[in-house]
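Enquirer: Read top to bottom, the protein sequences are chains Y and X.
Heads up: the first sequence at position 191 corresponds to 198 in this note's numbering, and the numbers run straight through without jumps.
Heads up: the second sequence at position 185 corresponds to 839 in this note's numbering, and the numbers run straight through without jumps.
Hints in this document: simulated from the structure, not taken from any laboratory.
No experiment lies behind these values; they were computed from the predicted model shown.
A hint or two may mislead.
Claimed, not checked - Estimated spans, in silico, between C-beta atoms of each pair: (1) X/N855 / Y/E414: 36 to 42 Å; (2) Y/Q55 / X/P913: 53 to 59 Å; (3) Y/Q226 / X/N855: 38 to 44 Å; (4) Y/K12 / X/H693: 49 to 55 Å; (5) Y/S385 / X/H693: 50 to 56 Å; (6) X/S842 / Y/E335: 43 to 49 Å; (7) X/N855 / Y/D230: 42 to 48 Å; (8) X/S777 / Y/E87: 55 to 61 Å; (9) Y/D372 / X/E849: 48 to 54 Å; (10) Y/R378 / X/S842: 43 to 49 Å; (11) X/N731 / Y/Q226: 48 to 54 Å; (12) Y/G309 / X/H693: 51 to 57 Å; (13) Y/N424 / X/A677: 27 to 33 Å; (14) Y/H340 / X/P913: 25 to 31 Å.
To be verified - Derived lysine-lysine pairs resembling DSS-like cross-links, with alpha carbons at most 27 Å apart: (15) Y/K275 / X/K916; (16) X/K824 / X/K775; (17) X/K695 / Y/K133.
Each residue gets a CB set at the ideal place from its N, CA and C atoms; glycine is no exception.
Here is how the chains run, residue by residue.
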Amino acid sequence: MTAIKSQVDMPRQEPNERIKNFDEVAIGYNAEMALEEASRCLNCPKPQCVKGCPVEVPIPEFIKLIKEGNYISAAKKIKEKNSLPAVCGRVCPQEDQCQKNCVLGIRGDPIAIGRLERFASDWERKYSKIEKQEIQFKGGRVAVIGSGPAGLTVAADLAKLGHKVTIFESLHAAGGVLMYGIPEFRLPKEIVQYEVEYVNSLGVEIKLDSTIGRLATIQELFDDGYDAIFIGSGAGLPNFLIIPGENLKGVYSANEFLIRTNLMKAYKFPEYDTPIRVGKRVGVIGAGNVAMDSARCALRLGAEQSNIIYRRGRDEMPARIEEVENAEEEGIHFEFLTNPIRFIGNSRGFLEKVECIHMKLSEPDSSGRRRPEPIPGSEFTIELDTAIIAIGQSPNPIIQQTTQGLETTRHGTIIVNEDSMETKIPGVFAGGDVVSGAATVISAMGAGKLAAKSMHQYILSKKGILQ
Amino acid sequence: MYEIVHKEALSPNIKLIEVKAPAVAKKTKPGQFVIIRIHEKGERFPITISNSNKDEGTIQLIFAEVGKSSILLGKLNEGESILNLAGPLGNATDTKDYGNILCVGGGVMVGALLFQMKVLKGSGNNITTIIGARSKDRLILIDEARKYSDDFYVATDDGSEGRQGIEFLKEILQQKRFDHVFTMGPTSMQKIVSEYTKSYNIPTTVNLFPIMVDGTGMCGACRVTVGNTTRFACVHGPDFDGHQVDFDELISRMRFYNPNEKIAMVLYEGV
Ligand SMILES: Cc1cc2nc3c(=O)[nH]c(=O)nc-3n(C[C@H](O)[C@H](O)[C@H](O)COP(=O)(O)OP(=O)(O)OC[C@H]3O[C@@H](n4cnc5c(N)ncnc54)[C@H](O)[C@@H]3O)c2cc1C
Ligand code: FES
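With the sequences and hints as input, model every part of the structure.
Expert: What follows is the structure in structure tokens.
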């Protein structure tokens with residue numbers, strides 16, 4: 008057996024340096040590294056990697072273009088299917104998707120597909136300019152609600168097919184979680200805006216400051232002449248623990264903490280006007296990606312100690328392994344099997360500590376899941392100045408509440424036909440976190456791709472245009 | 655970009671502006687607010703809408719120049735623009751016919767209260783109004799408010815105009831039977847009004863403006879305790895039953911960023 012060359016490492020900022028800044032942690036491949044990594048690709052006759060990609064990126068083809076030194080063509084190849092490659096190359100869980108299927112992975116390291124995707128799109132951004140594309144308008148008018156990965160994908164795909172698309176975004180910036188949630192040090196906002204600009208260049212109009220349900224209802228959009236509507240409003244409503252003391256000063260939802268930090272750039276206060284207050288001792292409740300991002304932001308904002316407090320154990324953490332490793336390297340401390348039961352404040356209403364109880368995991372139940380159970384009498388307190396609650400988000404209810412006939416689950420997610428992404432209202436489609444509950448960038452994009460296909464069909468048949 | 659088409663000073667530090675925002679104007683109802691961001695590095699902050707003109711496509715905003723952002727807003731002239739303006743946000747006030755109502759307004763919020771009163775008057779309500787301010791020179795829109803009122807009172811904290819303090823509200827509550835009370839103004843004033851009306855058992859609608867960031871239910875900065883449950887003022891309010899609101903918690907939460915605001919002001923004025 009010949010030894011398989013291992014993956015080319017990606018350079019990263021050293022932990023003790025990076026916790027002092029918001030610059031990107033992972034620095035990315037240079038051309039030499041990308042060529043070396045790409046040369047490991049076997050160019051399988053029956054590539055398995057593509058099967059793991061929800062948006063069907065032509066992986067072997069783009070890697071081949073990199074091998075040949077055609078980096079810009081490689082990026083263009085990816086963009087045939089994926090309008091946000093610089094984002095996906097950075098935040099997709101490739102280890103569970105394309106790279107999991109790579110045959111090299113059976114005996115060694117799979118190809119670093121994500122890093123190569125990132126390399127190609129970064130190269131394109133640096134060495135070529137976005138050109139306004141002339142697409143002949145020959146379809147219908149589409150309204151897309153929300154400019155996260157789902158909405159941007161629907162908009163780009165339908166624009167390429169000749170439809171006139173308007174995105175309505177509630178915030179003052181397009182990008183959804185990519186702008187307001189994921190921190191600068193994992194996904195620079197400039198890059199998100201570049202990808203938004205690309206979608207823009209396809210002829211998509213983006214209306215910011217436009218909260219659908221308030222500014223106009225779904226019905227009013229139809230009255231304005233839109234032929235089909237896509238709801239990609241995400242899962243932006245933060246869940247709270249519902250325990251005493253949660254409204255003390257110093258207790259944040261992860262969303263507030265991250266919106267202030269990332270979207271509003273509170274880490275640059277007072278150059279930027281939005282303030283944030285982070286104490287010496289920070290506790291983040293939860294252990295998903297959102298929790299890791301919050302804990303790592305807190306360190307960079309000056310916390311001396313940043314703890315993850317999680318009611319299950321290390322193996323149960325939902326965050327990506329890479330993010331947990333990054334957090335550990337940076338000195339984030341983990342309190343496993345620990346559940347907060349109340350926040351305790353001082354006489355002036357500021358958070359001082361959190362009372363917790365130790366947990367143990369039950370024997371696996373019929374579904375194989377081990378539930379956390381409190382250990383009676385094991386209460387103890389942790390001193391905290393700042394607490395950040397990162398235990399999940401639910402769909403924002405504004406659209407659901409202002410739209411008659413839109414069916415939802417008891418979790419507030421919108422019910423769709425999974426083959427077409429159409430809701431119970433004809434002509435209204437939905438996808439991304441608002442349908443699946445909080446998930447991933449790429450699954451939102453996959454849902455957007457599927458929705459775009461069926462919206463195209465819907466509009467054609469509505470307009471009586473034969474295919 | 656949202657152009658300021660009209661601007662006037664209502665008192666030394668209170669400004670009224672009319673902003674071009676046709677889509678917002680079309681949908682605005684009393685009780686709702688906008689979130690604005692003035693410039694690229696600005697913060698998002700809420701202002702209650704105090705009128706809308708659907709024909710002209712404008713909304714009216716009245717604000718006191720008290721912090722860096724509101725001072726910057728006050729510096730913008732006619733013809734200049736606000737970078738971002740999202741709205742109308744929050745739920746509109748229920749402006750049905752209640753019968754006899756009492757409207758109590760204070761400070762800059764008198765403008766928004768007047769907007770409510772106009773519509774409430776149109777629904778057939780008999781309106782008794784109390785307009786208050788710290789002192790005579792801070793009283794705004796008195797003549798307009800009088801027009802929509804069946805009974806009208808003015809009060810100032812220092813007694814420089816009308817009655818002194820809010821104590822006399824008790825007298826009014828004793829003299830006349832009200833079916834509903836609306837109040838808009840400083841949180842501490844809304845708290846006192848709610849305490850008084852509670853003892854007379856008169857349903858009271860308050861309009862709250864806690865710290866907000868997005869204004870659409872995404873951050874929870876605006877959470878208030880109402881009847882022992884946590885509500886988001888931006889999506890569940892901003893109108894709430896004043897007898898259920900935990901005002902002390904709200905007032906405490908509103909002060910969280912005071913130190914930061916001081917830093918911002920010192921640096922700003924230092925420039
Ligand atoms: C902190 C954080 C870190 C994450 N890290 C990762 C990661 O590393 N990898 C990964 O794959 N996934 C990650 N995720 C998850 C991923 O970001 C989401 O699954 C994905 O963004 C969902 O896309 P979406 O388009 O459905 O919604 P969103 O990205 O949430 O976008 C929805 C947009 O709709 C707008 N909107 C909402 N309501 C309205 C309305 N009424 N009118 C107009 N606009 C409206 C919102 O303002 C928002 O811009 C992370 C999430 C968070 C919060
Ligand atoms: S202002 Fe963010 S949830 Fe209300």
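Enquirer: Holds or violated: 55 to 61 Å for the Cβ distance of X/S777 and Y/E87?
Expert: Holds, at about 58 Å.
Enquirer: Does the structure keep Y/K275 and X/K916 at a Cα separation of 27 Å or less?
Expert: holds, 16 Å
Enquirer: Taking the CB of Y/H340 and the CB of X/P913, does the distance hold inside 25 to 31 Å?
Expert: Since the Cβ atoms of Y/H340 and X/P913 sit about 27 Å apart, the hinted range of 25 to 31 Å holds.
Enquirer: Does the beta carbon distance between Y/N424 and X/A677 stay inside 27 to 33 Å, or does it fall outside?
Expert: holds, 32 Å
Enquirer: For the range 51 to 57 Å, tell me whether the beta carbons of Y/G309 and X/H693 fit it or not.
Expert: violated, 26 Å
Enquirer: Confirm or reject the claim that X/N855 and Y/D230 have a C-beta distance inside 42 to 48 Å.
Expert: Holds - the Cβ-Cβ distance for X/N855 and Y/D230, about 44 Å, lies within 42 to 48 Å.
Enquirer: Quick check: does the Cβ-Cβ distance between X/S842 and Y/E335 fall within 43 to 49 Å?
Expert: Check passed, 47 Å falls within 43 to 49 Å.
Enquirer: Quick one, are X/K824 and X/K775 close enough, alpha carbons at most 27 Å?
Expert: holds, 24 Å
Enquirer: Between Y/S385 and X/H693, does the C-beta distance stay in 50 to 56 Å?
Expert: holds, 52 Å
Enquirer: Note whether the CB distance of X/N855 and Y/E414 lies within 36 to 42 Å or breaks it.
Expert: Holds, at about 41 Å.
Enquirer: Given a hint of 48 to 54 Å, does the C-beta separation of X/N731 and Y/Q226 actually sit inside it?
Expert: violated, 39 Å
Enquirer: Mind checking the hinted window 38 to 44 Å against the Cβ distance between Y/Q226 and X/N855?
Expert: holds, 40 Å
Hint compliance for this structure: hints 11, 12 are not met, and every other hint is.
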